[in-house]
Structure formats: structure tokens, C-alpha cells
Amino acid sequence: MISQFFVLSQRGDNIVFRDYRGEVAKGSAEIFFRKVKFWKEDGQEEAPPVFNVDGVNYFHVKVVGLLFVATTRVNVSPSLVLELLQRIARVIKDYLGVLSEDSLRKNFVLVYELLDEVIDFGYVQTTSTEVLKSYVFNEPIVVDAARLQPLGPAAIFMQGTKRMPGTAVTKSVVANEPGGRKREEIFVDIIEKISVTFSSSGYILTSEIDGTIQMKSYLSGNPEIRLALNEDLSIGRGGGTIYDYRSSSGSGAVILDDCNFHESVRLDSFDMDRTLSLVPPDGEFPVMNYRMTQEFKPPFRINCLIEEAGQLKAEVIIKVRAEFPSNITANTIAVQMPLPKYTTRASFELESEAVGQRTDFKEANKKLEWGLKKIVGGSEHTLRVKLTFSQESHANLTKEAGPVSMTFTIPMYNVSRLQVKYLQIAKKSSSYNPYRWVRYVTQANSYVARI
Amino acid sequence: MAPPAQSQRSPSPSQPSGKSEVSDLKLQLRQLAGSRAPGVDDSKRELFKKVISYMTIGIDVSSLFGEMVMCSATSDIVLKKMCYLYVGNYAKVNPDLALLTINFLQRDCRDEDPMIRGLALRSLCSLRVANLVEYLVGPLGSGLKDSNSYVRMVAVMGVLKLYHISASTCVDADFPSILKHLMLHDSDTQVVANCLSALQEIWSAEASTSEEASREREALISKPVIYYLLNRIKEFSEWAQCLVLELVTKYVPSDSSEIFDIMNLLEDRLQHANGAVVLATIRVFLQLTLSMTDVHQQVYERIKAPLLTLVSSGSPEQSYAVLSHLHLLVMRAPYVFSSDYKHFYCQYNEPSYVKRLKLEMLTAVANESNTYEIVTELCEYAANVDIPIARESIRAVGKIALQQYDVNAIVDRLLQFLEMEKDYVTAEALVLVKDLLRKYPQWSHDCIAVVGNISSKNVQEPKAKAALIWMLGEYSQDMQDAPYVLESLVENWDEEHSAEVRLHLLTAVMKCYFKRPPETQSALGAALAAGIADFHQDVHDRALFYYRILRYNVSVAERVVNPPKQAVSVFADTQSSEIKDRIFDEFNSLSVLYQKPSYMFTDKEHRGPLEFADELGNLSIGEAANNVVPTQMVEENDKDLLLTTSEKEETKGSRNNGSAYTVPYDGSSTSVFASQTHIESAVSNPTSAGHSPQASFAIDDLLGLGIPAAPAVPSPPQLKLNTKAALDPSTFQQKWRQLPVALSQEISVSPQGVAALTAPQVLLRHMQSHSIHCIASGGQSPNFKFFFFAQKFEESSNYLVECVINTSSAKAQVKIKADDQNTSQAFSTLFESALSKFGTS
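Chains as they are written, first to last, in numbering that gives the first Met the number 0: chain A, 0 to 450; chain B, 0 to 840.
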């Protein structure tokens, strides 16, 4: 049970504010914002998603730079409230097509209407876009998506996939297309976030894939859908330690450690033929989340060397090798590395044929940054950096710098080899043939090489 | 059209004050109010939007109330909704104006469109104006009977809103019992869920004053209701499922087969993508199996994978909430998670609050087989750019060392830290080495060699400096230049800002002096002189004390300051197990995130459905009615038996005179047990007898202040209990939460007692005859659980007891809490004697 719900902009302005029970004083938004902004004097630490000020519990989640906040005096389940906040954001996005400060401000009456139906007197009534459709009457004022920076999951598919309509996923579930008729289509996205830690000698210390099969349906008449996954998919690794790499062969079956499903998913035939059947509700939702620690081939190998090069000088060499097929291209790659505290200057030396790369030395936090627009599968890139120090270094340089971390997005590639074999839409008419988009993407979550 | 970006609280010159805009709006609204021109609804919409946007940013638009209400005569549902929102916002501050809206809201409640009926009813109930409640009863009554489930859903919440405005109106209209009927018969699950929420709130609030309400609240967790809800659980929305699961946590199944049935039914909820459902399910599993050790263990194994999946699949916020719960489980049963340690490795981009939890988890799961890897990983973090985390990683290494696993390798690592030449690493490592030496003195040789190389000038942090100085004093015989290092530190006495460091320095110089007198003498003199001149009271006192004791006798001084030490075996835990248990009982609540039981951060009325009352609630309070009745009777009689003031004083006087037996002043009261009670209760307790008076006497003498010593004859220490003690359940709960366990023991129950314990009531009557009253009881053979309380005679000092009797082992597990800790032992003796007589008398 919550008492208030509000959305604050990055600057702390109230965009929407709804008081459901009148138990928490009106100034809560200000108290909250000040607390979040000045959590620790040095500004180094982030405020946790839940905290208590004078008996009032504040919950918040960050979505596209906005703060979605709930307050209550009651000792409630935190995961319920945090999940609820996330869902409210998702419902609003379903309605508005794009979730941003601008779209919220333009549509705040619609948002109030939604909020009234989602929560009554602090109790959740429904968060299903489907159900809400029959209660909500305001038409969304659509914000021009093209003007917006490519943020959020829609953007990650845009490069290197010519046929894909990039704007489709920023389409509201209720707004009509300019042409009048809605386009029948369904999106199934397999999004995998990978975490890998390499030891200084290049061994894989830990690795994990956190995957989601996400669906967004614009099909009329709610037809049933069947999603078939790899037939040799197995779930749960028998006994023993989860990280026993020897037990999993490099090729062959896909073994998930564990997974969970959206409540609309029926698993009647899952055990037999790895098929999920569901009637997709409107809006965006995860069909299935899964977790995998089975060994996989990391898409990038990172080599890093730091050496003294004379008095008060050192050299860093970072090599990144893409170990995926050459028809695949990774994009928005960023490599970061903390340098010794006493570094005063860093001069960069890129390869002669380097295109679309930039380098930077962040003086304030002594970090080097190397950005690459894209990396084609099979290629290798090197960065050389000459460092100047302000003082003699006594200790081992490798203890003063690193680790190297990397972020990237690889569209149309997934490391787990989990696949949607087919996507079947059960509808009588033979002429009915909606667009089906099955898309894969791999992203770095925590991709770190120690030196 | 977009509302201005700036908010009211930071008005800038460009910000409209709102006044002229509002009067402008007023004019426009008035023009539109009567108009029937085509397209007028669109213009109204624009105006309404403007009004609402002003409202959101805090401009007072309440002056438009009349115009808004006039414009609301429309069939346009969007307009209506905006109008309702406006009215709901301002009705409370303008109750007179709110009356204006009643008419059109009541009319809308009879609209043929169920959407309008529902919306109007919701707005009507949201006005929160006390003098309008009479208008709510009618529409609510028909709303609850509406053929449309949306209207019923709204009406049920409306009942709860009415209850908060005027509880008596709500109860008098008999709404709670209508909700109860709906809950068990409505076809729509959201209606059912709303009934459940509303009834829980209403009956919990009523329970403190009404017997019936507390029975009704109990009935919510009765088998028929629970089974009814459980059997339909999959029809409920995910949020309503959480509600039902929360209720199930409070249900006490009668046997293990019931437990397994419930768990099998809920098994697939663990695969739900909504973390709230999974955690609520886990709480049910954990609670149900508390008394079944093996199954409880299996539950831990079973929930591991779903929890880990939630941690990695959810939003960062959700994953933090789940991780906190995982943290709690790991701390409770580290061995279950010892092979999953790699999941607790920190990722470089995680926020500090997540890393901190993970470090604690890594520390907890370290065992013989994984310590090496965990410590290696922790050492990586020690070089982390995030300095607070680096520090905590080093502390974690130290804690693992103190847990006694593979100390050998860890000591080497710690010593490497000392050589890392990062000041904070050195500082943390010094503190750790000190703790390590206190536990494993055998490592002194290796450590001292390294510590000796550290220049005290490079150590600035007080804690670290104190640690270094302690080691210099403690191991001065092994550290070649200890006296000289100490001497130079003493020379810089004035530059040392931390009193803690100066105190340590004094002690260290003393210790060094006992071991190497000729080398230290001058440093000692300087230290004592500086110490006595120190402005800090503690430093001054310690220096003076050292000085005097040295003058008295050096060997005595050595025995006092540097006695042979025993290695510390276990360092004290920061949190009591009582508090940890409490937090575990409140699984799936904020208590877990804050790592505090709820009474520490919420006031009582807001403790919510998870409150501790449930533990007592499980044990039916209804049964305790047996003893409530006589207590009340006694109280009534009390009025007739009121003593005159003089009589009261007499009683007091006789107590102070130390007579062992007091004449029970309740004389002929209805309590037939009274006379027996006092004789029984007067068991004296030799252990706690008169300790404190003697102690205070000694101190008075020592100070030589000439104050007369405490009364020479302390009052006798026997404990008498009040036969007519009264304590209401909520006070009991509050006290039970707040007080620490004073005593915990196992008492044998006589075979006759076990035989007599056919039903809890028998024991209740027996205990009552000893002035120990039962407040709640429950359970089934062989396990019976009782909560008792007793009060000290003529004082409001309470004793609270939790007593679990196992009839098959004939043992009772007793936990005693007391307002006055000093007498808890005496009470325990009393309690034991009373219990042991059960069945024999």
C-alpha cells in the first residue's frame, strides 16, 4: 500500500504528483529530492532505491533520467513497490510510445487518468495495458520520436539492420497511425547482457549471461502465439557447483541455470518440445528471463599492458580483438581504464587507418576513455597511450591502474545460442500474415579485464 | 500547452504568479459553462488541462471551484475525469464547495454507463469531507451490488475510504459484513482482492476495541478462507497474488501434509517474472517450514536459483531489493550458499550499496574450500578506485581471517597490503593486523617484522595510528626501535589531535617501559607530563592514574596495565540474534533492506499487515478469553475494594520495613488463588540479593565525599507478583518487540503435567493461580506455545514470557523478558516453580 506517487524531472520538478491516502505531508517531493541529491556530502555515493526519512519510506526507480517515486509510512514489501514503479513507467510508455520528460509533460492529463486506474487508495488495481485500455479515454499526444536521442531498447536494433523499422517500437499501443489502419506486427527481442571478468593472464574468471525474451505486440484480436525455442534447451544444472565449466561441453546443448516467465505464458508443452504458448497482452513485456553460466565464447578479447618508460613516464597498450563472424558488426564501443592517481598527461596514438574513434583523458577522475563507433567481426584494434607522471611510482604500476572495462552493443548476435526457432500466430484466415520481427542483441553488462 | 517547467517553490521573475492567469481562466470557464455550441467540449478540455497543470505545479486554483462544477455538466468522459480529479484535490480544503459537487456526483452514480458510475463513486468517496459521509452510504450500498465488476471494485475501495473518514458510519451501515460476503462469493478476482485489503485494514483497526472484529480478523486466516483464496490464486492479478500470499504467511496449518499441499500448490509461483510474487512465495515457504529443519533446508536450496535469476534479470532497483533478501538468507545459512560465492563477486559498475551487501555475503560464505579464491578476489577490490569499497574489501579479508579459515595465506595477503603504499590500504590493514594479533598471537613474529618497517609518519588516520601504537607497546620487546618510535611520537604530542591516539600512546609507553625500562624512561616521563597537562579529561585522568600507580608500586602497575592476555576467541557480533530473528520474521518487507526490525523505523499504526501482531494472532487470542474474563472481574471488584490512602501507605511501609510477607490487600477479592499466590511468589532470589546497594556504598566510600551511605538495610529481594495484573495485547506486543531476552532456559515438565496438558486452558488456569497470566496460546500436540505476562506487586514492572512446551519430550523452552532486568532471575525461579507444580497440585 502506497501513500503518494510522483514523477520528478532531473532537476527535481514535479511532473505528476498524486496523493492517494493523505498520510504523508505534501512537501515529500522536496524532501525526497534533496535527500537523493545530497546523499553523501562528497557526492560520491548514490542514494539507495529505498530509504526512510522521519518515518516516511521513499522508493524510487530511475527511468530515462526521470525519477518515479512512491512514499508510504507502512512497512510494505519493497520489491512490490519497486516493481510497481517500473510497471507504471512501462504502462505510460506503452501509451505514449516514447517515455521522456517532454512526452510526460505533454500528456500529464492522460498520465493522471492512468494513475487513477492503476492505484486506488494506495492499492494496486491493475498494471495491464490491456485492461487499462477500457478505462482510459484520453488520446496520447505523440511526441516526435525522430527528434529524440536514441535511448532505450528500441535504439539498439537500429544500426546494421536495414529492413528493421526503427521507430516501430516507439509507437503507442493506442494511438492510430496517420493512415488510419494500424499495422499488424509483433516484435520479439532476444536481449542478452553479458558479464565477463578476465584475469590478468587472460583467463575467464567469471562469466554470466542474463537474457530476456521481450515481446511487444500490435496484433489485433489477441491471437494466441507459439514461440519455439531450441529443442535441446535444458534448464537447471544438476547438483554440484554452478561454475563447473568442465561439465558443459563447448558446443551442443544450451543449458540455462534458471529462468522465469511472464504470467501469460503457458508451459503445457514446454517440457516436451520447448514451446511457449501465450496470448500476448498489449504493450511491452518480458516473456521469459533467463540466466546462464554455461561457458561461452566472449565476443571480445582484451589485452592490456602498462610499462614504465623512463623517469616519470609509462606506456599503456590496449588491444581489442573481435571474436565474432565478420558479417556481424558491434557498435557504440567504449573502453575505459583508470590510470595512476599521479598521471598528469596522456597522449594517445591510434592506428593509422582508424576511423570513427575518439580518445580522451579525464583529468578529474584520472581515467582514459577510448570510443569506437563500430568494430567489424574478426578485426583487431590497438590504442597506445604515453603517460606522464607527477611523481615517482614506487609500487607495481599494475596495482595503480586498471582494470579495463568495456561496453558495447552487438545487434543480430547472441552469445548463448538460444534461438526462437519459429513464431506461430494462430489465426484462422489464411490471408492474415502480420509482420514478425525476431531480433537478437548482445550488450555488455560488466565486461572487465584485469591487468 | 505544456505546464511551465518551473515549480512553485522556486519562483523566478519569469514565473507567472498565477493570479491573473487564474482570473482569466475563471472568465473563460464562465463563458463556456452554459454554451452548447459545437466544439465547446474541445475548448473546455483545453481549459481544464490548464487548470490541472496549474494544480500540479502548486498554483492555487481552488477559486475556480464553482466554474469547474458548472462546466462538468457534460457527457464527455475525458472532461468528467478531469473535473473529478480537480474536485478530489480541493474538496478537503473547501468542504462547503464540496457540497456543490454532491448533486452531480450522485446523479452520475446512477448513470447507465458503468464507467461513469464507477468514476463518480470513486470521486464521491475521495472527497474526504467528514460532514458529507451521509451522502456516501446510499451510492456505496448500490455500488457494492452493481452488476458491473468495475463499479463493485471501486465501491469496495470506497467502503475503505468511508471507514477512514468516519469509521462508525461505515460499521453502522454493516459494510464490513457485505465485503466479507463479496470476498467469498464475487466472481471477479479484483473485487475479491479489494475486499481482502479493505477488511484487513478495517478489522485490524477495530480489533483493539472490539472482540468481534478481532475474531473476524482471525477468521481471515482460517482454513476455509485461505483454501478458497489459494485454490483461485492463478486467477488473481500478480499484485493480488502478493496480497493473498501475504495472508497465507499468517496461516498455521494443522499438520505437515497440509504444509506440503500448500507448498506444492505454490511451487510454480517461484518461476514468476514478478519479483514481488516470488519473494512473497518464498516467505510462505520459509514460514511454513520453520519447525521442519530438513524441509526448511530444502527450501533454501530450492529458492536459490529463482532469487539469483531475479537479482540478474530485474531493474537495478529491483535487483537490490532481492539481493538484500538473499543477503539475509546468506547470513542465516552461509553453508547453503558456499558454492555460489562467485555470484557475489562485485561488478565494477554496481553502486556502492550493492557492493557492500556483496562483500558481506562473500565474507559469510567463505569456508575451507573457497577461501583462497574469495580472498584473491577481495584483494583485487583493495586497489579499487572506489576508496570506501576498497577499505571494506580489506576489512572483509580481515573478517575472513578472524573466522579462522586458512589464516596462513590470508596473513600473507594482509602483509602485502601493508606494502602497497596506498595510505588508506595501509591504514585499514594496520587495524586488521592488530585484531588478528589479538586472536592469533602466534603470528606476531611475521607481522611485527612488516609492521616495524612502517614509518609512523605515513600513518595519519586515528584508528590506524592507534593500532600501530598498540602494536608498538604490545610487542616492544620484538621491535628493535619501539622505544624510539614511541619517543618521537611523544615529542609530537601537541600535534596529535585524536584523543584516542593519545590514550593509546600513554598505554603503549607504559607497556614499553615495563619491558625495556632504561630505553623508555625518558619517553615515559615526557608522556606522563604531557598527559597530565592534556586538556582532554580522559587523557588527563589516565596519565594521572598511571603516574600515581607507578609511584605506589611499579610491579602492581605492570599487573594492572600489562597483564598477561588471553587471545580473543570471538569478536562480538554487531547485531543480536534476537534482532536478526525479528528481521527474518519480517521477510519481504522494508525491515530486510534497512536491516532493522520494523519497530525501529515505523510507528505502531503504520506497521502494516506484516506486523508482529501476527505471531500472536496465530495463537488464537480468542482462547485467552478464558483468562481475560476473570481479570476484568477482578478489576470491577477493585472499585469496591479501593483502599483508603492510609491503608495504602501502611502496605508500602510494611514492605519497606522488610517483612517477607505482605498481607494481600485484595483480601476477599474474587481471586480465590490470591493468598496462595503471595506465599508462592515470595521466593527470594539469593543471587541478585542486595548487590546494587552494596556496590553503591563502596563507591560512595571511595569518593570520600562524606555523603551518608545508602540505607544499610536494603529491602528484601523477594519478588511478589500482582494477582490482578492487566496488560492489553498491543502493549504486550510492543514490549515483546522492544525488550531484549533477559533469560532463556529449558524447564522440565512433570509427567503429570504433560498428561494434564490435554488442552492449553488447563495450564492457563494453573499459571493464573500463580499470578502469571496468559495473553495468547495456541498450537497442537505435541507443541504448545504460550505467551504469559506477570506484573510486580504494586509496581508497573512487567515480565513477559514465551513458553513452548513439547509434550513428547516433556520440556518447555522459556524466554523471559522483563522491564526490570535485575529481577528477571527471581521471576524465572518463580515461573519455573509454578510450571513444575503443574499437574502435581
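Hints were generated in silico from the structure; no laboratory data involved.
Check the hints yourself; a few may be wrong.
Facing chain B, from chain A, some residues (calculated, C-beta under 8 Å) [stated by the list, open to error]:
#1 Glu45
#2 Asn56
#3 Val75
#4 Gln124
#5 Asn137
#6 Thr205
#7 Cys258
#8 Ser263
#9 Phe388
#10 Gln390
#11 Val447
Here a beta-carbon is modelled for each residue, glycine too, at the ideal position from N, C-alpha and C.
Evaluated hints:
This hint holds: A/Glu45 has a C-beta 5 Å from the nearest C-beta of chain B, less than the 8 Å allowed. Using the Cβ-Cβ criterion of 8 Å, the hint placing A/Asn56 at the interface with chain B is satisfied: the shortest such distance is roughly 6 Å. With a cut of 8 Å, the hint placing A/Val75 at the interface with chain B holds, because the nearest CB-to-CB distance is about 6 Å. Taken as an interface hint, A/Gln124 checks out: its beta carbon lies about 6 Å from the nearest beta carbon of chain B, inside 8 Å.
Against a cut-off of 8 Å between C-beta atoms, the interface hint on A/Asn137 holds, since the closest Cβ of chain B lies about 6 Å away. Because the closest C-beta pair between A/Thr205 and chain B is about 5 Å apart, less than 8 Å, the hint holds. Restraint check, A/Cys258 versus chain B: the minimum CB separation of about 7 Å is within 8 Å; hint holds. This hint is violated: A/Ser263 has a C-beta 10 Å from the nearest C-beta of chain B, more than the 8 Å allowed.
Nearest Cβ of chain B to the Cβ of A/Phe388: about 14 Å, over the 8 Å cut. The hint is violated. With 8 Å as the threshold, the beta carbon of A/Gln390 stays out of range of chain B, its nearest partner Cβ sitting at about 12 Å, so the hint is violated. Contact between A/Val447 and chain B, as hinted, is supported at the beta carbon level, the nearest pair being about 5 Å apart and thus within 8 Å.
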